[in-house]
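S.K.: Model the placement of chain B on the given structure of chain W, informed by the hints.
There are 2 protein chains.
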Amino acid sequence: MAPDPSRLAINQATVRPQWTLAQAIEGFARQNVRGIAVWRDKLAECGVEEAATMLRDHGMTVTGLCRGGMFPAADAAGLQAALDNNKRAIEEAHAIDARCLVLVAGGLPEGSKDISGARRMVADGLAEILPFARSAGVPLAIEPLHPMYAADRCCVNTIGQANDLCDALGAGVGIAVDVYHLWWDPALEAGIRRAGKERILAFHICDWLVPTTDLLLDRGMMGDGIIDIPRIRGWVEATGYDGFHEVEIFSKDNWWQRDADEVVTVCRERHGTVC
Amino acid sequence: MAPDPSRLAINQATVRPQWTLAQAIEGFARQNVRGIAVWRDKLAECGVEEAATMLRDHGMTVTGLCRGGMFPAADAAGLQAALDNNKRAIEEAHAIDARCLVLVAGGLPEGSKDISGARRMVADGLAEILPFARSAGVPLAIEPLHPMYAADRCCVNTIGQANDLCDALGAGVGIAVDVYHLWWDPALEAGIRRAGKERILAFHICDWLVPTTDLLLDRGMMGDGIIDIPRIRGWVEATGYDGFHEVEIFSKDNWWQRDADEVVTVCRERHGTVC
Numbered sequence: 086m087a088p089d090p091s092r093l094a095i096n097q098a099t100v101r102p103q104w105t106l107a108q109a110i111e112g113f114a115r116q117n118v119r120g121i122a123v124w125r126d127k128l129a130e131c132g133v134e135e136a137a138t139m140l141r142d143h144g145m146t147v148t149g150l151c152r153g154g155m156f157p158a159a160d161a162a163g164l165q166a167a168l169d170n171n172k173r174a175i176e177e178a179h180a181i182d183a184r185c186l187v188l189v190a191g192g193l194p195e196g197s198k199d200i201s202g203a204r205r206m207v208a209d210g211l212a213e214i215l216p217f218a219r220s221a222g223v224p225l226a227i228e229p230l231h232p233m234y235a236a237d238r239c240c241v242n243t244i245g246q247a248n249d250l251c252d253a254l255g256a257g258v259g260i261a262v263d264v265y266h267l268w269w270d271p272a273l274e275a276g277i278r279r280a281g282k283e284r285i286l287a288f289h290i291c292d293w294l295v296p297t298t299d300l301l302l303d304r305g306m307m308g309d310g311i312i313d314i315p316r317i318r319g320w321v322e323a324t325g326y327d328g329f330h331e332v333e334i335f336s337k338d339n340w341w342q343r344d345a346d347e348v349v350t351v352c353r354e355r356h357g358t359v360c
Numbered sequence: 086m087a088p089d090p091s092r093l094a095i096n097q098a099t100v101r102p103q104w105t106l107a108q109a110i111e112g113f114a115r116q117n118v119r120g121i122a123v124w125r126d127k128l129a130e131c132g133v134e135e136a137a138t139m140l141r142d143h144g145m146t147v148t149g150l151c152r153g154g155m156f157p158a159a160d161a162a163g164l165q166a167a168l169d170n171n172k173r174a175i176e177e178a179h180a181i182d183a184r185c186l187v188l189v190a191g192g193l194p195e196g197s198k199d200i201s202g203a204r205r206m207v208a209d210g211l212a213e214i215l216p217f218a219r220s221a222g223v224p225l226a227i228e229p230l231h232p233m234y235a236a237d238r239c240c241v242n243t244i245g246q247a248n249d250l251c252d253a254l255g256a257g258v259g260i261a262v263d264v265y266h267l268w269w270d271p272a273l274e275a276g277i278r279r280a281g282k283e284r285i286l287a288f289h290i291c292d293w294l295v296p297t298t299d300l301l302l303d304r305g306m307m308g309d310g311i312i313d314i315p316r317i318r319g320w321v322e323a324t325g326y327d328g329f330h331e332v333e334i335f336s337k338d339n340w341w342q343r344d345a346d347e348v349v350t351v352c353r354e355r356h357g358t359v360c
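Line order of the protein sequences matches chains W and B. If you're matching positions, the first sequence starts at 86 in my numbering and goes up one per residue. If you're matching positions, the second sequence starts at 86 in my numbering and goes up one per residue.
Isolated chain W, as found in the complex (with noise of 0.2 angstroms):
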């Protein structure tokens, strides 16, 4: 069945190069989309207040604030910039009433290879950060991303591990599930639905394409790829979750070289048909 077209959001990543967040608030709430995941940088130089409130005149939810994380430091100065750094984003994010802050756990610190070790450091870092996002009543949304980002970008790579460190952190925590990081875990279907409903705090979509040619900036419109989104979508709504459809898309030779608003119209178009 073809998802009810109220539900699409897109993060603002997918025309990045192409409009500020102002932009892109007017240019989704101009083709009805009222889902809007926002990046700190954007928010930044446009100002939390103003943002706010464009976002509000628009009747914009925002699915998430991208993003905190990035735990794992070489040093304890390391270490306290990003504890310090997270609790901005926490303020900011309540600030913009997010859905949640969206979690990218972070690599290996500079000249380790202990990836258990960047790993335990993440679980230190979640507890630390936890009690400020509890006072601030923004939930943590832990995005696992693909194995092939553990070096360099996110030790959380299982939608397992995700569930892991929810266990341990309990409530205010929970799980941005995305189709191109985790499509090819044989563990998702499980892992969704132990996850459930209330631990999905967001469900982002986009495809992966065959050949991919580069490994951050190369992700595929939804239907240009081999993702069986429908079916992954199937697993989510399954738990009862009920949220947005959030559409990102890093693809800098082509979605980003193209006019913002074909874009958006080719995301509400293929949102409806192969989603």
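Any given hint could turn out to be false.
Since the list gives no way to pick out one identical chain from another, each pair is judged satisfied if it fits inside one copy or across any two copies.
With a Cα cut of at most 25 angstroms, we get these calculated SDA-like pairs of lysine to any residue [said to hold, decoys possible]: (1) LYS198 with GLU354; (2) LYS198 with GLU274; (3) LYS198 with VAL295; (4) LYS337 with MET155; (5) LYS337 with ARG173; (6) LYS198 with ALA275; (7) LYS337 with VAL295; (8) LYS337 with LEU301; (9) LYS337 with ASP303; (10) LYS198 with ASP89; (11) LYS127 with ASP209; (12) LYS172 with GLU111; (13) LYS198 with PRO315.
Everything labelled a hint here was simulated from the structure, so no lab data went into it.
M.R.: Quick look at chain B alone, frame taken from chain W:
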């Protein structure tokens, strides 16, 4: 503890553009590297009989023949072709006394988005060729590949999946453990323990570079990346594994551009210092 230098093997793909099989045998032996993994196209070019003689004359152990597998097919004719091809590979592995036939499972059939279905095809294909492999006395080594290859190359992406396949298939099937594909997996240590000495048919080494600029052809020399190779080797050898440490590097812009003798020399040095 530094590894025994006599345990070093080199996969001939590490010097693919530089050397024919005959040159690789001579080149490796010249530097006293007595283990080699052979590729089928290079073997065909050399001639199986000629290669078998040369390998024997140079005292080389063939750590594996690359490769069989590629089971998922869009139709019955495609499946039959894959099975026939695997049977020929088994005959070749037997002819050169390879310790195993390395199997890369295959990805999604053309036009398919059904990763579970592809995985079933792999299990079925393995079951089909297994009696033939047993008769020939050729162990089949399932090589789990990194999840970034799940779509187009190999839908077996963790050692857990490989162990499950081994459980289902019984004797004659094992696993090729490659640090490049598996280093990120939080369940790797447990998976290696579960596999045990019996199942670990090969141990492949290289390194994960940061950044990695190509999904396929940017593997690093041991020591140039972030994989804790001694730690993983420790897990492997704790099972009782006493086979070779096989260097397998696909590196179009670096190692494939260098003098092959130099590549072998660097493999030997790094094997002694960072593996």
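S.K.: The structure should be examined with respect to each hint, and the outcome stated for every one.
M.R.: Hints versus structure:
Taking the closest pair of Cα atoms, LYS198 and GLU354 come within 25 angstroms of each other only across two copies (20 angstroms); inside a single copy the shortest separation is 44 angstroms, beyond that limit. Within a single copy, LYS198 and GLU274 get their C-alpha atoms only as close as 31 angstroms, which misses the 25 angstroms cut-off; across copies the closest is 15 angstroms, which meets it. Taking CA atoms no more than 25 angstroms apart as the test, LYS198 paired with VAL295 passes between copies only; the shortest distance there is 11 angstroms, against 30 angstroms inside one copy. In this assembly of identical chains, the alpha carbons of LYS337 and MET155 lie at most 25 angstroms apart only when taken from the same copy (23 angstroms versus 32 angstroms across copies).
For a Cα distance limit of 25 angstroms, the shortest separation of LYS337 from ARG173 qualifies neither inside one copy, at 29 angstroms, nor across copies, at 43 angstroms. With identical chains, the CA atoms of LYS198 and ALA275 are at most 25 angstroms apart between copies only, with a shortest distance of 19 angstroms across copies and 30 angstroms within one. In this assembly of identical chains, the alpha carbons of LYS337 and VAL295 lie at most 25 angstroms apart whether taken from the same copy (16 angstroms) or from different copies (20 angstroms). When the C-alpha separation of LYS337 and LEU301 is checked against a cutoff of 25 angstroms, the pair qualifies both within a copy, at 9 angstroms, and between copies, at 20 angstroms.
Within a single copy, LYS337 and ASP303 get their C-alpha atoms as close as 7 angstroms, and across copies as close as 20 angstroms, so both meet the 25 angstroms cut-off. Only between protomers do LYS198 and ASP89 lie at most 25 angstroms apart by alpha-carbon distance; the minimum there is 23 angstroms, versus 45 angstroms within a single protomer. For a Cα distance limit of 25 angstroms, the shortest separation of LYS127 from ASP209 qualifies neither inside one copy, at 29 angstroms, nor across copies, at 51 angstroms. Taking CA atoms no more than 25 angstroms apart as the test, LYS172 paired with GLU111 passes in neither setting, with 29 angstroms inside one copy and 61 angstroms between copies.
In the homo-oligomer, the alpha carbons of LYS198 and PRO315 lie at most 25 angstroms apart only across protomers (11 angstroms), although the nearest pairing inside one protomer, at 38 angstroms, exceeds that limit.
Hints 5, 11, 12, counting from the list given before, are not met by this structure.
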